[in-house]
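Asker: Chain residues, written in single-letter form:
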Amino acid sequence: MKFYLRRIGFYAVTLWAAISLNFFIPRLLPGDPFTIIMAKLQRAGDISPQVENTIRLMLGAAEDKSIWEQYADYWANLFQGNLGVSVTQFPTPVTELIGDALPWTLGLVGTATVISFVLGIGLGALAGWKRGSWVDGLIPSTTMLQSLPYFWVALIFIFVFSVTLRWFPIIGGYDVFGFNGPEWTWAFVGSVIYHAFLPALTIVISSVGGWLLGMRNMMVSTLSEDYITTAEAKGLRPRRVFTTYAARNAAMPSLAGFGVSLGFVVAGSLVMEQVFTYPGIGKLMITAVRNNDYALMQGTFLVITLAVLAALFLMDVIYGFIDPRTRHHG
Amino acid sequence: MAERRKRIPLTWSGKLVAGVVLVGGIILFAIVGPWVTQDPRSSDNPAMLPPEPGHWLGTTSLGYDTLAQLAEGARGSLLVGLIAGFIAIALALLIGVVGGYLRGWTDEFLSLVTGIWLVIPGLPLMIVIASYLEVRSLWVVALILGITGWPGAAVVLRSQARSLRVRDYVSAARVAGERTPRIILVEVLPNLLPLLAAQFLGAVLLAILGEAGLSYLGLGPNGSITWGTMLNEAYTGGALTRGAWWWFVPPGVMIALFGCGLSLINFAIDEVVNPKLRLAPAATKRVRKARRSGRDKLGRQEAAPAAADAPAAPGVDPHDDGDPHDDGDPTEQKEKVDA
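Those protein sequences? They're chains H and V, same order as listed. Just so you know, we're using our numbering here: the first sequence kicks off at 117 and counts up by one. Just so you know, we're using our numbering here: the second sequence kicks off at 34 and counts up by one.
Just so you know, not all the hints are guaranteed correct.
[What the hints assert, rightly or not] With a cut-off of at most 30 Å between alpha-carbon atoms, the simulated DSS-like pairs for lysine-lysine come out as follows: (1) Lys318/V <-> Lys350/H; (2) Lys156/H <-> Lys181/H; (3) Lys156/H <-> Lys322/V; (4) Lys350/H <-> Lys246/H; (5) Lys322/V <-> Lys350/H; (6) Lys246/H <-> Lys318/V.
The hints are simulated quantities; they were obtained by calculation from the structure and are not laboratory data.
So here's chain H without its partners, still in its complex pose (with noise of 0.2 Å):
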C-alpha cells in the first residue's frame, strides 16, 4: 500500500509540476503571444470576456491582478476544463479539438507500442539466448534503427510505398472521401487499419531496437546468474530454463524502463503524424504551432502530458503487482 500511495504522490507532485510549468512558460518567455493571438481572434470574429479572460490566464499579459491571483484563477479554469479557444478553427474551443484528435493518437501509438515492445522482448530473449553465436554480430545494426528519427523514417516509407508503388495511402487516418466522419461499420475499420499501417510500422522500425537491446543485454547477465546454472545442472530442458528462469527474470527491467522509453516514442510520433498527415494530437500541436495558436498548443502540451503521465501511472500499477520488490522497497 506504501508503495502505491508514494507512486500517486509523486504522479499528483508530477502532475503540479507539469500544469505550472504550463502557467509559466509563456510569462518567462519574451515576447507577447496574448496580443498576437487576441489579434488573430479579432479578425477571425467577436469573442465573450470570458474567452479572452482564459486566454489572459493562459497565456499571461499584464494586468494589475498579481502573479499569485493569476495562478489561482488558472487552476480554477482548468478545474472547469476551460482551455479557450482555437484561432486556426475559430470558434471551437480547445477541449473539443483535443477531444477529436486524441483517440487517434491514443490507439496508433498505444498498439504500435506493445507491438513494438512485444517483439523486441521476444527478439531480445531470442538474441541474448544465443549469446556468442553469430546473432551477436546482428545486434549492432539494431542501433541504427534507433537512431533513425521517426519522421525520416516516416518520409522515405511515403516514398517508397505510398508516392512510388502507390500501396498505401498519403495522407489522413481514413478515406475522407469515401466517409463524412467516423462511423462504426467495418469497412470504416478496414480504412482505419489501412491508413494505420505506415504511421505503425514507422514506430515499430524506429523502436524496436531499443527493447532488443535493452532485453539482450539482460538476458546476458541473467543467463550467467547460479539459478540457472543450478536449472541446467538439475537437467531442465533448455525451453524450461528459457521461458521460466531466465526470460521472465530478465523482461522486468524492461518492463520498469517502459517510462522512460514511452516518452521517446510519444516524441518521434509527434513529428511523425505531422509527415502522414495523420488527424491525431501530434498534428494537432504542429498546426498550433505553425500558426502561433498559442491556447491550443498550451493546450496540447497538457493533454500530451497527462496522458504520458497516465500511461507510466498504470505500468507502475501492473509493475508494483507482477513485482513485489518494488513494492517493499519502493
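Following the hints, complete the assembly by docking chain V onto the known chain H.
Answerer: Positioned in the frame of chain H, the structure of chain V alone reads:
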C-alpha cells in the same frame, strides 16, 4: 584470467573500431566538407538535378548543391549536438552525483526533480519553448535541448555515485578528513568516467535527433543549415512527390550513421563497465568450441554428457571473481530508474 582482464579494456574490439571510424569520418566531413564543396547557399545551379559528376548528390529545388548543404548541415547539427550534450551532462553530473553522494533530503529533492523532468515528455516541451522564441540562434536551440536532455543521464550517474560512496576507499578518504567537494571530484568522479562518457555520447545523439525534429517542424536555429532544416526544406519543397530522393535521403542517413557510430562506441564502453556482457558470450563460445573439438576426438557418444554439463562451468566463472566493476551492472541502474 587476471592477465586477460587487464588487457581487455585496451584492446580495440571490432565495435569500437567501427564506431570510431564512423564518428571520426563524419566529424572530419563536417570540418573539411564545407571547405571543398561549393557555397551551400548559392542558387546558381540548375534546380532538381539528379546526382551527377560535379553535383554528386544533385541539387535542390532552389538550385542549392545538396552535398554542400549536407557538409554545412553536418557542421550545424554536430555543433548543436555537442553543445547540448555538454550542457546536459554538466547538469546531470551536478544533480545526479551530488544527490547520489550526499543522500538525505538533498538527494530526495534532487531525485524528485529528476523524476519529474524525466517523465514530462521532452519534445513537446521543447516545441512549446521554441515556439515562443521568435529569434533562435544555434546556441539557444542547443540550450533548449540541453536543459531538456539531462534527466536520463542523471538517474544513471546517481545510482552509480550511490554505490561508489559506500566503497572502502571513499570511506577512508572521509575518515582521513577530506572535504566533500574533494571526495566527489578526486575519489568518486574518476570512477564515473566510463559511464560519464557513455552518457555524454547518448546525450549528444539525443540532442542531434531532437534538433532534427525541431528543425523539421521549422523550430530550429534561424539562418543555420542543419540536417533537420534540410529535411524540412525537402518536405516543403515537394521532394517526396517529385521523386528527389537525393535531397531527403542523405541527411537521414547521416543522422543514422552518426547515431550508429556513437552507439557502437557506447557498446564497447558498456562491455568494459559490465564485464558480464563481454565474458558470458565469450564463455559460451569457448564451450561450444570445446564441445565441437571434443566431438571430433571422442565421437558422438562421448560428446553428449560433456555437452550437458559444459555450460555450467564457464557460466559461473564470469561473476564469481568479485569484479569491482560489477556495480555498473545495468540491472541495478534500470531497476532504480523507477525507484
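Asker: For the pair supplied as a hint, lysine 318/V and lysine 350/H, confirm whether the alpha-carbon distance does not exceed 30 Å.
Answerer: 22 Å, holds
Asker: When you check the alpha-carbon spacing of lysine 156/H and lysine 322/V, does it fall within 30 Å?
Answerer: Since the Cα atoms of lysine 156/H and lysine 322/V sit roughly 74 Å apart, the hinted pair is violated (cutoff 30 Å).
Asker: Given the hint that lysine 322/V pairs with lysine 350/H, test it: the Cα-Cα distance must not exceed 30 Å.
Answerer: 23 Å, holds
Asker: Does lysine 156/H pair with lysine 181/H here, judged by a C-alpha cut-off of 30 Å?
Answerer: 25 Å, holds
Asker: Within a Cα-Cα threshold of 30 Å, do lysine 246/H and lysine 318/V meet the stated pairing?
Answerer: Status holds; Cα separation ~10 Å.
Asker: Does the alpha-carbon distance linking lysine 350/H and lysine 246/H stay inside the 30 Å limit?
Answerer: Judged against 30 Å, a Cα distance of about 21 Å means the pair holds.
Figure legend: structure checked against the earlier numbered hints; the only hint not met is number 3.
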